[in-house]
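For the protein sequence lines, the chains are A and B, in the order given.
Residues 1 to 502 in this note's numbering are what the first sequence lists, from first letter to last.
Residues 1001 to 1144 in this note's numbering are what the second sequence lists, from first letter to last.
Hints listed in this document are in silico derivations from the structure and should not be mistaken for laboratory results.
Listed below are the simulated DSS-like cross-link pairs for lysine-lysine, each with C-alpha atoms no more than 27 Å apart in a straight line:
| id | chain 1 | residue 1 | chain 2 | residue 2 |
| --- | --- | --- | --- | --- |
| 1 | A | 245 | A | 292 |
| 2 | A | 490 | B | 1065 |
| 3 | B | 1004 | A | 492 |
| 4 | B | 1065 | A | 492 |
| 5 | B | 1004 | A | 426 |
| 6 | A | 240 | A | 101 |
| 7 | B | 1077 | A | 426 |
| 8 | A | 486 | B | 1069 |
| 9 | B | 1065 | A | 426 |
| 10 | A | 281 | A | 240 |
| 11 | B | 1004 | A | 485 |
| 12 | A | 490 | B | 1069 |
| 13 | A | 244 | A | 101 |
| 14 | A | 426 | B | 1069 |
| 15 | A | 101 | A | 281 |
| 16 | B | 1065 | A | 486 |
| 17 | B | 1065 | A | 485 |
| 18 | A | 486 | A | 281 |
| 19 | A | 490 | B | 1004 |
Some chain A residues flagged as far from chain B (calculated, every beta-carbon gap over 10 Å):
| id | residue |
| --- | --- |
| 20 | 18 |
| 21 | 251 |
| 22 | 285 |
| 23 | 288 |
What you are looking at is a predicted structure, and each value in this text was computed from that prediction instead of being measured.
Glycine included, every Cβ here is placed at the ideal spot set by N, Cα and C.
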Amino acid sequence: MLANLIEGFSNIFSFEILLMILAGSFIGYFVGALPGLTPSIGIAILVPITFGMDPIAALVLLVALYGAAEYGGGITAILLNAPGTAAAAATAWDGYPLAQKGLANKALTVSILSSGIAAFISAILLILTAVPMAKFALNFGPLEYFALAIFGLSLISILSEGSLVKSLTGMFFGLVIICIGIDPIVGVTRYATSGNLLGGIPFLPALIGLFALSEVFYMLENTKNEKAVAEKVKGLGFTKEDFKKIWKTMLIKAPIIGYVIGVIPGAGATVASLVAYSEAKNSSKEKETFGKGNIEGIAAAEGANNSAVPGALAPMLALGIPGSASAAILIGALTIQGLQAGPKLFNETPAIPYTLFASLLISVPVMTLIGLLGVNLWVKVVKIPKNILAIIVSTVCIVGSYAYSNSMYPVWVMLVFGILGYFIRKVDVPTTPIVLSMVLGFMIETNFRRAMIVSTEGYSFFFTRPIALVLIFLAILMFFIPLVKKIRAKSKAQKESKEIPV
Amino acid sequence: MTYKLGNILFSVTFLLIGLYFLINTFQIQNLVSGNDVGPRAFPLLVSIGLIIFAGINLMTSIFNKQIEKMEFQNFTKVVLTMAGLILFLILISVLNFYIASIIMLPILLWINDVRKPVRLGFSTVITILFIFVVFDYLLRIPIP
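Please put together the full structure from these sequences, using the hints given.
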């Protein structure tokens, strides 16, 4: 492992890779600071740019963007009470009140330092855990991969907000869509006889449409927003006393909570920041100051949401399971480069994951430095008129989709999915289940059929493989636990409403 | 449009998509060897799944008493932008990206309230320059 990591470090000290780290961090801050643009949208917009790049450079660029975008959301949360990402909502609870007291510099320094330090520790945890995880997954056969993909799909019940029926409708729609084209095992055509459809519906243009273009239409709905007003920030405002107050949260609690929750597919940065915030509040001697500008609250929320990023990369790299929308897009980006996320990545092309690990250890300090130096610049980003930004983003979507196969077919696919995404979001149908099922559907069908072909005893073959059985059991559990929780919460709310005297 | 009607439209659309795929599933040549379930099984299963859940959503929407309206702000602009993008793609196919951009970007910006000529021209030039420098020149990605 150490030799591979040293090789990874030697790979990143080239002009191209260092440039990618810088570019990814800058674009990430830009994306994160803009309310409405999430890290997943940012990655989706940038993926087409990476088509012609070296795989390592492409992945480093996208991961640097992912990390910086998660942090960028915290800046506007503190200065404008407008979290750029959902995960930064908890940052605003204490960050904005502190900024209102004229201590915006202190709030920003705490958030940037805790983000950077926690993400760095989390990156070390990723290096220590992803490799054993991938080694374990090397024992997997088609049946285990099938079970793993089913487990990934079961996360839809956690990842989707709102109606589960709508999420499942979206999921089955995604699964139907991937059946178009040529059957992966025997080569029979399905739903297409000629033309572009024979190649199937391209995943990445569909994803760019669902995430980025549909967001463009949403941006155009609210183009006359009030202009953001933010004060100029001077100095760091961070003292030794502040460090003494938050060091435990910054160095121990937030990184561990963030990493562990990040590893759990489906949980992600938002859950991590909320859990870390409530833990910091519960264990604090000054509970009453939380929500009024307590720096420990900022350190917990920002530290955890940034350390969830390396956490989310662990199942993606080691098992090939996307635990979040951003990870699903990163898997798509790897596929475009001819690489398959999962244990094979460590076995066949170890340079890729190890260079990524090394790049995290470099990009996190770079991101922290850029964050500390460029606060006033990120605030100006919010002032770009949304209508102009929307048209620029839609043009980038067109060019990016064309680059997928140098033809107009993927561009039309992107446009159709963009319009579809806009309308289905209007009726609260989440787009994440469609993307997850498009990523995992192929894996499910191919591995199930491969497993059936090699089995001699038919379906009873499933009961002879313990790993597959455990994964399917976990999938059932993952699927039903949120459902039971929702039903319980609903009945509890109904009971409470009955108890309130009229 | 009410939220209820929107939900019904969504369910009916996805129900029809499911039915279309289900009917066409039976035209797939089912080559089966050994214990393989064949190329028809998975599409059959997922199209039935789509019909079932779109159907459940349709039923719950019909019996839902929600009367709240769906929020469509600046809907005319959004629809005009969608139409503009379709025209943009047609023009790219007929002409090329740069000429189509010179024609369509000012129109799209104008639809979305960018009316000052200087701002309109500046935004168009900046967008085209950005695409040229980043995609065409730096990354050598083919432009339509």
